[in-house]
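Enquirer: Protein chains in written order, with my numbering: chain A, 96 to 906; chain B, 96 to 906.
Calculated directly from the structure, the hints in this document are not laboratory data. Treat the numbers as computed from the prediction; the structure is a model and nothing was measured. Worth double-checking, as some hints may not be accurate.
Copies of one chain are not kept apart here, so a pair can be met inside one copy or by any two copies together.
[Unchecked claim] In silico DSS-like cross-links for lysine-lysine, where the CA-CA straight-line distance does not exceed 30 angstroms:
| id | residue 1 | residue 2 |
| --- | --- | --- |
| 1 | LYS187 | LYS336 |
| 2 | LYS759 | LYS336 |
| 3 | LYS384 | LYS879 |
| 4 | LYS501 | LYS214 |
| 5 | LYS691 | LYS476 |
| 6 | LYS614 | LYS653 |
| 7 | LYS214 | LYS194 |
| 8 | LYS653 | LYS375 |
| 9 | LYS187 | LYS531 |
| 10 | LYS778 | LYS336 |
| 11 | LYS238 | LYS557 |
Number of protein chains: 2
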Amino acid sequence: MKYGYFDDKHREFVITRPDTPTPWINYLGCDEYCALISNTAGGYSFHRDPKDRRITRYRYNNVPVDRPGRYIYLRDQASGDYWSATWQPVLKTQNSKLKIQSYNYECRHGLGYTIIKSKYSGISTQTTYFVPLGENLELWALKVRNDTKKARSLKLFTYLEFCLWHAEMDMTDFQYTLNIASAVNEGNLIFHQTGYAPKSGRFGLAYFGSNKKISGYDCDRETFLGQYHSESNPIAVEKGKSFNSVGSGGNPIASVSLNISLKAGEEKDIIFILGAAETKEEAGDIYKKYLDEKAVYKKLEDLKCYWADYLGRYQANTPDTDVNSMVNIWNQYQCRTTFNWARFASYYESGIGRGMGFRDSNQDTLGVVHVIPDRVKARIKELAQNQFRNGSSYHKFFPLTKTGEKGGYSDDPLWLIMATAAYIKETGDMAFLDEKVKFIDGEAASVYDHMKKAIDFVLSEKGAQGFIKMRFADWNDCLNLGADNEVAESAWVPLFLYMEMREFLTMARFTDRTEDYEKYKEIAAGIKDNFNKKAWDGKWFIRGIDKYGEAVGSAKSKEGGNIDLLPQAWSIMSGVAGTDKATMCMDMVKKHLDTKYGIMLIDPPYTEYDEKLGAVTTFAPGLKENGGIFCHANPWAMIAEAILGRGDIAFKYYKAILPPTKNKMADIHLTEGYIYSQFITGKHNANFGRARNSWLTGSAAWNFVAIAEYILGVRADYNGLVIDPCIPKSWKSFTVKRVFRGATYEISVTNPRGVNKGVKSIVVDGLEVEGNVVPVFKDKRVHKVEVVMDLNRKEQQQQWQTYHSYQSSIL
Amino acid sequence: MKYGYFDDKHREFVITRPDTPTPWINYLGCDEYCALISNTAGGYSFHRDPKDRRITRYRYNNVPVDRPGRYIYLRDQASGDYWSATWQPVLKTQNSKLKIQSYNYECRHGLGYTIIKSKYSGISTQTTYFVPLGENLELWALKVRNDTKKARSLKLFTYLEFCLWHAEMDMTDFQYTLNIASAVNEGNLIFHQTGYAPKSGRFGLAYFGSNKKISGYDCDRETFLGQYHSESNPIAVEKGKSFNSVGSGGNPIASVSLNISLKAGEEKDIIFILGAAETKEEAGDIYKKYLDEKAVYKKLEDLKCYWADYLGRYQANTPDTDVNSMVNIWNQYQCRTTFNWARFASYYESGIGRGMGFRDSNQDTLGVVHVIPDRVKARIKELAQNQFRNGSSYHKFFPLTKTGEKGGYSDDPLWLIMATAAYIKETGDMAFLDEKVKFIDGEAASVYDHMKKAIDFVLSEKGAQGFIKMRFADWNDCLNLGADNEVAESAWVPLFLYMEMREFLTMARFTDRTEDYEKYKEIAAGIKDNFNKKAWDGKWFIRGIDKYGEAVGSAKSKEGGNIDLLPQAWSIMSGVAGTDKATMCMDMVKKHLDTKYGIMLIDPPYTEYDEKLGAVTTFAPGLKENGGIFCHANPWAMIAEAILGRGDIAFKYYKAILPPTKNKMADIHLTEGYIYSQFITGKHNANFGRARNSWLTGSAAWNFVAIAEYILGVRADYNGLVIDPCIPKSWKSFTVKRVFRGATYEISVTNPRGVNKGVKSIVVDGLEVEGNVVPVFKDKRVHKVEVVMDLNRKEQQQQWQTYHSYQSSIL
């Protein structure tokens, strides 16, 4: 553990040295205000939309890395020496004899807050950054303490760089944007009010200030930093004097300076505030609320309570502490973050082009629906509004400006069914199906009709082989078989279609839509039948058909990509594959795709650009979709193995990509050891094991589904809570506490004979229940659920067939 | 002269200290390969298109400023101390006691090359950067000399950062682009070959190498620089060892290291090469051509010869050395650069969105047509291909991909006539009018018809007041009166239309297109008449009509912008204004818009955002179009004053924005003292005098027209070379040597009685000619032209009336 460890008691990840292999970040803010912050205080903030309402500027992929940020400089007025409260940007231990350990650095990423500590020349600082609940602002709460035995005179300087609101223009159109800034000081505040925000309409202003009297300020970057200087050595800090500069064109910043005298042992509190408001008056009123530091720390406690309550809805206790840290805290936390922002903004997504994804955001509901079903319901309605009358949908959309873009993705609309089913299973709110939501291009229709249109649209795209035409891409954005091509087909979309039709059919049956039920049941059966006939390659299922009619993802494919994870895992998840093919194809996944760091998406990777396969062939082998280990897709293998009853394999897959297991190899893995990344580099690359694109959409939700619903095996269903664990044989017991439809289920599972799967008995509040579905209680009370696992291998096999036939029974 | 001076003998601008207020840059390469380089070796390179074929990466508006670049590190192997051959990026004199003067820094920006010298710890270096004629590559020719008395052992490291070809993706889509790189070493070369270049088709590769045996290399940025390090302190240089890293994903770079031993006093030559090629074989063949440094320096001499020849086509000798430096060297050099690249790529235009402008590129022909008329002809045809059948045109276009965008600009198509007229006046090539060029959306038509369609299109946009509907904007891109509005009108476009109809009528008459001549003559007369009636505000002409029918640029305008330079200057340039109004409105320009740093575009600036006026009101007062001193528009006042015969005023305006006059106030002006910027901040801003956006299109060409054609007064006309100077009374004489239609005119002007304007006599090769038009000679020989100026004020006035009626006579 070179860089950090989990402090589960405080629900914090503690980073013990500042020079992490990449910036290890946190997302502050659960509502409209979002602040990304790294372990050395780099990052940026925005209000509602990272493109149109970017508040602070960030230089992505920068040299030096991770600049700028939310910086506080401390200057010893006696010596003129200066340093940072967050190591960056002064980097005091770099190029000096000072050991990094002596800086007493510590960063605690908590849930919605980040605390960074440091010590230099006898001065200790602790800066807590957070976004108070319900506010459009962030607070920087600084404690500065004199640990020496003599009085000290310090000067503090803050530094942040404003973005010129429209992040895309800000990073591309300099001849224009460098002439629109206006930043001025009034009292203890700096206001940044720039006239131009072309797409979003004119927004108000940003403000920054301190609760203590400031001694000076700077609003112009070049003045504060000085020619050919950087954040590492601002001329104002070097000289110990703010220049009181005004921003008129150029690069607006907020820097205030304060004189601080500290007696021996004395500690002082200083609060800094950064926010967005409509008017100066509004900003001034909000500012006053946080003049007293007690009010600030009270807000921090409120935030911690919010998260304690949030996580309290699902808590597991397993023999594996890594599992516990993730499933109880960090995986759920990442799920909430991706639910909030999907891939809209990160350290890799620059927040200007992606918006919220239709596919992404539907999936991201899976990781939060057990806690915030009302928000999920609202999100599903918002998503349904991004669907067209013909059933197709935007691929991405921008909630603030209510705009969107199609992209020719063959799978998009089906995800709405998955999210809707998850919401109804969680809540039992079958009436939701009748709620009316408008199409982009037409009148309102019921949620049920939105789903039906989605199915109809995808069915209308059936190809010559009976699969679904690929178009620009399916889930694999980079497998581009031909946007306008009528020959190329995806063999994965029919599996997904079948799976969602199963959900749709269940809902249709529950709501007595008999005509639809009969009609779509027959269609679904045909899809299943066709897939088994046409997609089997001999040892596994193919991935699709290229525009020349050749199989993609076949043992016979000449270019590479001979086996693809998706059709194997989904053939089982969907219930399409028969037992023999299911086992064989997952054995082949294990043989060809499994590595010590997880399951590669394809094997072998492509080595040359191939126009008929598209972007996947532009990546170096082992990277991204070209043989990378996709953390988003790995859970599908875990789920498939859990369905097959192979709990040791499922759990091995789960652990292979589990972030805590990466802390021992952080210099290889690079990204945060508490968060899933988009992918881990595959074995065909010299950088095998290196992760990229942390915090991205999808990975968190699906890993949570895999562990919580399929490995620990507790999942909401229409009629109750299914208990169906598939665990390592070595596990003797585990518990899950889960709120479901208002009641709390305290589930205790024992595994006396060390099986992978099989529920022998379930006792609820002392009474044994039939089968493995625990009933719904309307009493909002606590219920004890005692589960005993025990089946031999053959019985497990039958159990799986039962699962399979349970699902098939819907048809 | 704090930062530099002109060395006209060598045609170089010499920068004497590295810490210029902004990077002072140069453009290398006249053909397909372009390299922007600053005085400390920052900058970037591209091949043909800065968006689709960017070779090296640049971080615009960066902190630290001006990174990365073309860097050479030197490391003393005995001490471990290291520094840069170009001051940046190690910045050895920053944060140290070393005085900047002791670095012996010097940068010589020449024509197509840049030489940077430095000296540190007894080691002198001189690096010459240039793009050889006709090659798609740049050479870095290093001389390193041991000025001490003992042997020295050095290690050299180079550093450049590759762009992932598509510059827009490279700066926005990191989750994608950071997985496509491939950079490897083979022998003495590094190859960067990345599969993805989506818009341009797949391009080959970039290569970098040295003519000397390398001892190591790095292709991966993070490896070479090290965590939390920067270009200032790469870990490889600190440790004195390349890591031989490969780029596979991430950020590809080219760094090679070489061991250099130097005896006392010894000097060595080392060549580095960076280029673009289709294949490794092609790259290898080209590389071999430059193994011998003699071949390299021979290419440098060829380049110097090219420019000596280029500039030899126009040389003036005036009593003002600032004028001579500019008109003979730097203004013409900037004209050629803007002809090549307009505003496609600079340090402010990020090269991704603008492309080549239709308006820009037509104007930019004015500054080069006297030297490279054949290239101008080709450019005009390329421009005409960006016109639609209805006469409208793209606003910008991308030559490589042959794509473009309209923008709703009311003036665009007319600029084609200006360029065509300039070409025909220069060459006499009237047959060009009959050459056929395709429209974007239709069959080919003659150049003449392209011009006629342009006029017809603009005429079809006539508004209710008889001006032309403004649409998104006219020349003033930021005066947005309503793209879809039918009420808003530009009062400037009719002046421009009238001026270009005059040229069109002249060409029609020359080519006996009598019907057109009669038809358009009458229309033009109506435009002139209407303008004088409707646009006069009492003391000056208004700028237009807003969407509520109110005048813009009127004394009565409530929001600001009461007077606008454009309609005043162009009323005279076009010949629309009568004498009294012409004099009065230019007096008002002087009274309201003139400042010590030039003429503001409007006065007073707008202070609040105003949706009916658009982007102009988003700038801080004094910046850009909101009361800035536009270097592009100032020449129009010079030309108008020259036409009015007020040579002292015209020349005062010329000098007010002349770059050399800024070298004494470089800490206020900030941008290069040898190049025009887009604008200088107006007097209503605290940063009055600060220039922004240097090297942009338009300014150079129009300032050259003003000085060469209207102040020095030598201009090509259809029938010969007009001699019509309008100079300061204090000038006793000046000469102009100019090639015109193959013959060389050595023009010597004397001004014995100290007048502003008036040609008393012209003697050509000893024979006096009638009037002030020197005839065309077909003999390609040198001809002596002796001109005597002498007229009193009243005669000057008549002279102007003659000019005016000469122009009117066409009608």
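Enquirer: Does each hint fit the structure? Answer for all of them.
Expert: Against the structure, the hints come out as follows:
For a Cα distance limit of 30 angstroms, the shortest separation of LYS187 from LYS336 qualifies both inside one copy, at 20 angstroms, and across copies, at 24 angstroms. Proximity of LYS759 to LYS336 under the C-alpha cut-off of 30 angstroms is restricted to the inter-copy arrangement: shortest distance 28 angstroms between copies versus 44 angstroms within a copy. Taking CA atoms no more than 30 angstroms apart as the test, LYS384 paired with LYS879 passes in neither setting, with 45 angstroms inside one copy and 83 angstroms between copies. For a Cα distance limit of 30 angstroms, the shortest separation of LYS501 from LYS214 qualifies neither inside one copy, at 52 angstroms, nor across copies, at 58 angstroms.
For the identical chains of this complex, LYS691 and LYS476 are neighbours neither inside a copy (41 angstroms) nor across copies (62 angstroms), given an alpha-carbon limit of 30 angstroms. Taking CA atoms no more than 30 angstroms apart as the test, LYS614 paired with LYS653 passes in neither setting, with 40 angstroms inside one copy and 69 angstroms between copies. For the identical chains of this complex, LYS214 and LYS194 are intra-copy neighbours only, at 12 angstroms inside a copy versus 33 angstroms across copies, given an alpha-carbon limit of 30 angstroms. Taking identical chains as interchangeable, the C-alpha atoms of LYS653 and LYS375 lie at most 30 angstroms apart only when they sit on different chains, with a minimum of 26 angstroms there against 65 angstroms within one chain.
Taking the shortest Cα distances, LYS187 and LYS531 never come within 30 angstroms of each other, neither inside one copy (59 angstroms) nor across copies (68 angstroms). Proximity of LYS778 and LYS336 under a CA criterion of 30 angstroms is satisfied inter-copy only: 28 angstroms between copies versus 54 angstroms inside one chain copy. When the C-alpha separation of LYS238 and LYS557 is checked against a cutoff of 30 angstroms, the pair qualifies neither within a copy, at 63 angstroms, nor between copies, at 68 angstroms.
Violated hints for the displayed structure, listed by number in ascending order: 3, 4, 5, 6, 9, 11.
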